[in-house]
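**Student:** Listed here are the chains, written in short residue letters.
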Amino acid sequence: MKKLRQTTTVKRHVLIVDDEVVNREILGNILSVKYDVEYADNAKEALEALSRQDKQFALILLDLLMPVMDGFEFLKKRETSEPLKRIPVIVMTSEKESEVRSLKLGAADFITKPFDMPEVLLARCDRIVELYEDQDIIRQTERDHVSGLYTKDYFFEYIRQIELWSRDIPRDAIVFDIEQFHLVNEFCGRDFGDHLLAEIGSALQKELAPMNAIACRADADTFYIFATHQESYDSIRNIVQGILTDFFEVNHIRVRFGLWENVDRNVEIEAWFDRAKAACDKNRGDLTQSFTRYNNEMHARYMFEETLIRDLQSAIDNRDLIVYYQPKYNIEGDIPRLTSAEALIRWMHPTLGFINPGDFVPLFEGNGLIQKVDNFVWNEVAKQIRKWKEAYGITVPVSVNVSRIDILDPELETKLMQLLEENGLSPEEYMLEVTESAYCENMERLIEVIENLRKKGFRIEMDDFGSGYSSLNMITTLPIDILKIDMSFVRNMEKDERNLKLVELVAGIAKFLKIPAVAEGVETESQLKTLKDMGCQIIQGYYFSKPVPPKDFETFIEKELERRRNL
Amino acid sequence: MITIEKLNTFGANTAEGLARCFGNEALYLKLVATIPGEANFDKLKDSLAAKDLKAAFEAAHALKGVLGNLSLTPLYTKVAEITELLRSGTDMDYSSLLADILDKKEVLGGLCKD
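Protein chains in written order, with my numbering: chain A, 6 to 572; chain B, 3 to 116.
Just chain A, with the same shape it has in the complex (with noise of 0.2 Å):
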C-alpha cells in the first residue's frame, strides 16, 4: 500500500546550514523539487531557525566547517535536546575522518563534497526523513503510556525479531500479576493505581537493561518480561514487591510470579506467555511462594484446555455435545409432579472421551467461549421442547443456562425469540438461569436485561443461590421468578447444622418473596423429607434421576402422563 506521506502535496520543511553561498544554492535547488527549502549561514542560526515553534523540520543538511559555530558543535548540543534529536541530520563533508565522528555525534547520514549526482542526493535524503518518521510513529505507539513499558504488540513483535538472531539462547517467559489489584483502583482511585503501575514500569526498566530482558504490560496489572535464562529472579520480585510495600505500607499486598524457564522454540511466542500466565494464576492465594515455574501437570492441563478450546466448534458441528435433561419434581402434594427439567451439558470426544462440564464449562466462562455452547443448548433445548410437545401433547419447561457474557450480548433477547418463533414455541415455555455472583457483578444491567425478558414472559431462576455474596436488601428488589438453593448446601445439611440453617434460611426468603425454592442435589428420602418440611416446593437431584439423554427423558413424561390419567 502506498503510504499516505507519499501522496501528500505537502512539502516538508529542509534546513540547509553552510556558510558557502555556492554549496547552499546547489543543494537548494536539488532539494527544492520535493522540499520547502530553509537556508543558515552557520550553526548558531540554524539553532535560532529550529527554536521557531511555527515550523517543524523533517531533515537537517549540516556543513561540518563553518565561522561562528561549527557543525561538530551543532551535534553536540542536539544530543542534549529531545525535540533537536527526533529531526535527523545529514552531515555534508569531503574528509573520511569526520563523517566517522559525526555518525559518532549522532548524524544520520552523511553526503560527500562534490555532491552526487541530484537523483542519489534525493533519495538518499528521502530515505532518512522516512526511517525517521516511522522510528519517530514507532516511539510514539511502543510504550504504554501508564507504565512506559512496551505495548504487548510492540513486545511480541521485539520478541520475534530478537529471535530470528538468537534462537539457541536459552530465554524465559515471566508474567506476574498484583493480586486483588482490582481493590487498589477500587478503594485508591485510578490515579493511585496507575501511579503505581509507572513505579513499576520504571524501576522494571532500569531493572532489566543490564539483564538483557525486554518487559511490556499486557494487561492491567499484568506484565510479561523475555529474559535471558537466570537461576534466579528475586532481584525483580524483591523490587515489586517493595514498591508494593512502600506504596500500602502493609505487607500483605501480593506480587505472584509465573515463570516458564528455558522456552519452547517450537511453541508460538505468545503461547510462552500464556504458559508462564497459567503458572502465575495456579499462584492465586498460595501465600508459602511468589514463584511458580510451569511444570509437566500445568503442561499437561494446559495441553488438555488448549484440546478443548481448539475442538469446540467441531464438538458443536459434530454434535460432540449434547445436551442432557434432569427432571424437576414439585413435591407439594402427596405423589410427586413432574414440572420441568434442567438443561446439563455433557461433551463426548472423540479421542478424550467423556469430558467432565467442571473441566470445560469455568474454563469457556473465563476465555467467552461459553456464548458458543450456550447458544448451542438454547437451540438444541428449543428444538426438545417442540419434539415433546408434539408426540405428547404438554410442554415440559427446560431451564437453560444464561452466563454472565450472555447477559452483556445485545442481541440476547433477539435470538432467544427468534429460536422460541422457529419452533413454535412462548417464552412461558421456556426457563432461564441465572447464576446468583453474576447478579452481584454487574446489577444494574443486569437487572435492566433480566426485567425486559420478565416482561416478554420468560420465568427467571437464580441459580446457586446462597454461594455469592447477596444483601439482604437487594434480594427483595430482584426480579426473579424462582429461586434455586446452592447444590453444596443441600448436600451437607444433614452432616453440618450450619448448612441446614442456611437452606432454611433461603427456602424462608423464597416464601417471603412468594416465589418457588428449587432444591438440587437431592439424593436420599430424608433430604426429601426435610426440605419438604421446609416448604420447599421443588426438587432436582439423583433422587428422582440423574441427567439423562432426551430419550431417556422420555419415560418420565409418560409416567407423569399415567399420573394424569389416573387422577
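I should point out that these hints are in silico values taken from the structure, not numbers from a laboratory. These numbers come from a predicted model, not from an experiment. Glycine included, every Cβ here is placed at the ideal spot set by N, Cα and C. Please note that the accuracy of each hint is not assured.
Restricting the straight-line Cα-Cα distance to at most 25 Å, the calculated cross-link-like pairs of lysine-lysine (BS3-like) are [stated by the list, open to error]:
1. A:Lys-118 / B:Lys-115
2. B:Lys-56 / A:Lys-118
3. A:Lys-101 / A:Lys-90
4. A:Lys-90 / A:Lys-109
5. A:Lys-157 / A:Lys-287
6. B:Lys-115 / B:Lys-32
7. A:Lys-534 / A:Lys-500
8. A:Lys-537 / A:Lys-506
9. A:Lys-39 / B:Lys-32
10. A:Lys-392 / A:Lys-564
11. A:Lys-118 / B:Lys-45
12. B:Lys-115 / B:Lys-53
13. B:Lys-8 / B:Lys-32
14. A:Lys-388 / A:Lys-564
15. A:Lys-49 / B:Lys-45
16. A:Lys-118 / B:Lys-32
17. A:Lys-551 / A:Lys-394
18. B:Lys-56 / B:Lys-106
19. A:Lys-394 / A:Lys-564
20. B:Lys-56 / A:Lys-81
21. B:Lys-106 / A:Lys-118
22. A:Lys-460 / A:Lys-500
23. A:Lys-101 / B:Lys-56
24. A:Lys-534 / A:Lys-392
25. B:Lys-56 / A:Lys-49
26. A:Lys-377 / A:Lys-392
27. B:Lys-32 / B:Lys-53
Restraint ranges, calculated between C-beta atoms of paired labels, are given here [as the list claims (entries may be wrong)]:
28. B:Lys-56 / A:Lys-60: 18 to 24 Å
29. B:Lys-56 / A:Lys-16: 48 to 54 Å
30. B:Gly-13 / A:Gln-145: 35 to 41 Å
31. A:Ala-128 / B:Lys-56: 34 to 40 Å
32. A:Val-26 / B:Asp-48: 17 to 23 Å
33. A:Arg-91 / B:Asn-10: 33 to 39 Å
34. B:Ala-17 / A:Arg-91: 36 to 42 Å
35. B:Glu-108 / A:Val-26: 20 to 26 Å
36. B:Gly-13 / A:Arg-165: 56 to 62 Å
Based on the hints, put chain B in the right spot on chain A.
**Tutor:** Then chain B, alone, in the frame of chain A:
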C-alpha cells in the same frame, strides 16, 4: 559574460556541473560567476603570507568544496592539492602553487568579464 563554451575551453567539466544543478544552466553560470570574487582566495593568500597554516587550510578547504561542486576542474585540482598539504601542516614554500591557483582564478575572472 560566462558561457558553457567558455567554461569548456577553461577545462571545466560542465556536463557534471550542470547535472549537479539539475540542468539549470542559468543557476550554474550564476554560481560560476561568483567564484572570481570569492573571498577565500584572498584569505588563503593572506594566511599563507602570515604563515597561518590553519586559517589557510580553512580557506582552501572551503574553496575545494565549492569548486568541486561546480566542477571547475583546473582550479579544483590545484585547490584540492594545496588543501591536503595544508591539512597535514606541511612546512613548504606554497608560493608557486598559490600563484598557479590565483592565475587560474584570474583566467576564469577574465572569461566572466569578456
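**Student:** All hints are to be evaluated individually against the structure, with a verdict given for each.
**Tutor:** Hints and how they fare:
1. A:Lys-118 / B:Lys-115: 28 Å, violated
2. B:Lys-56 / A:Lys-118: 20 Å, holds
3. A:Lys-101 / A:Lys-90: 23 Å, holds
4. A:Lys-90 / A:Lys-109: 13 Å, holds
5. A:Lys-157 / A:Lys-287: 22 Å, holds
6. B:Lys-115 / B:Lys-32: 13 Å, holds
7. A:Lys-534 / A:Lys-500: 15 Å, holds
8. A:Lys-537 / A:Lys-506: 15 Å, holds
9. A:Lys-39 / B:Lys-32: 23 Å, holds
10. A:Lys-392 / A:Lys-564: Measuring from Cα to Cα gives roughly 17 Å; hence the hint holds.
11. A:Lys-118 / B:Lys-45: Given that 25 Å is the threshold and the Cα spacing comes to 21 Å, the pair holds.
12. B:Lys-115 / B:Lys-53: Measuring from Cα to Cα gives roughly 32 Å; hence the hint is violated.
13. B:Lys-8 / B:Lys-32: Between B:Lys-8 and B:Lys-32 the Cα gap is close to 14 Å, so the pair holds against 25 Å.
14. A:Lys-388 / A:Lys-564: Holds: A:Lys-388 and A:Lys-564 sit about 22 Å apart, inside 25 Å.
15. A:Lys-49 / B:Lys-45: 23 Å, holds
16. A:Lys-118 / B:Lys-32: Satisfied, since the Cα-Cα distance of roughly 20 Å is no more than 25 Å.
17. A:Lys-551 / A:Lys-394: 22 Å, holds
18. B:Lys-56 / B:Lys-106: Answer holds: B:Lys-56 to B:Lys-106 is near 23 Å, not above 25 Å.
19. A:Lys-394 / A:Lys-564: Distance of about 15 Å is within 25 Å: holds.
20. B:Lys-56 / A:Lys-81: 23 Å, holds
21. B:Lys-106 / A:Lys-118: 21 Å, holds
22. A:Lys-460 / A:Lys-500: Answer violated: A:Lys-460 to A:Lys-500 is near 41 Å, above 25 Å.
23. A:Lys-101 / B:Lys-56: 19 Å, holds
24. A:Lys-534 / A:Lys-392: Roughly 34 Å separates the two Cα atoms, so the pair is violated.
25. B:Lys-56 / A:Lys-49: 22 Å, holds
26. A:Lys-377 / A:Lys-392: 23 Å, holds
27. B:Lys-32 / B:Lys-53: Violated, at roughly 33 Å.
28. B:Lys-56 / A:Lys-60: 18 to 24 Å: 36 Å, violated
29. B:Lys-56 / A:Lys-16: 48 to 54 Å: Between B:Lys-56 and A:Lys-16, where Cβ atoms are some 40 Å apart, the hint is violated.
30. B:Gly-13 / A:Gln-145: 35 to 41 Å: 54 Å, violated
31. A:Ala-128 / B:Lys-56: 34 to 40 Å: 37 Å, holds
32. A:Val-26 / B:Asp-48: 17 to 23 Å: With a Cβ separation near 21 Å, A:Val-26 and B:Asp-48 satisfy 17 to 23 Å, so the hint holds.
33. A:Arg-91 / B:Asn-10: 33 to 39 Å: With a Cβ separation near 46 Å, A:Arg-91 and B:Asn-10 fall outside 33 to 39 Å, so the hint is violated.
34. B:Ala-17 / A:Arg-91: 36 to 42 Å: Check passed, 40 Å falls within 36 to 42 Å.
35. B:Glu-108 / A:Val-26: 20 to 26 Å: 21 Å, holds
36. B:Gly-13 / A:Arg-165: 56 to 62 Å: 58 Å, holds
The earlier numbered hints that this structure contradicts are 1, 12, 22, 24, 27, 28, 29, 30, 33.
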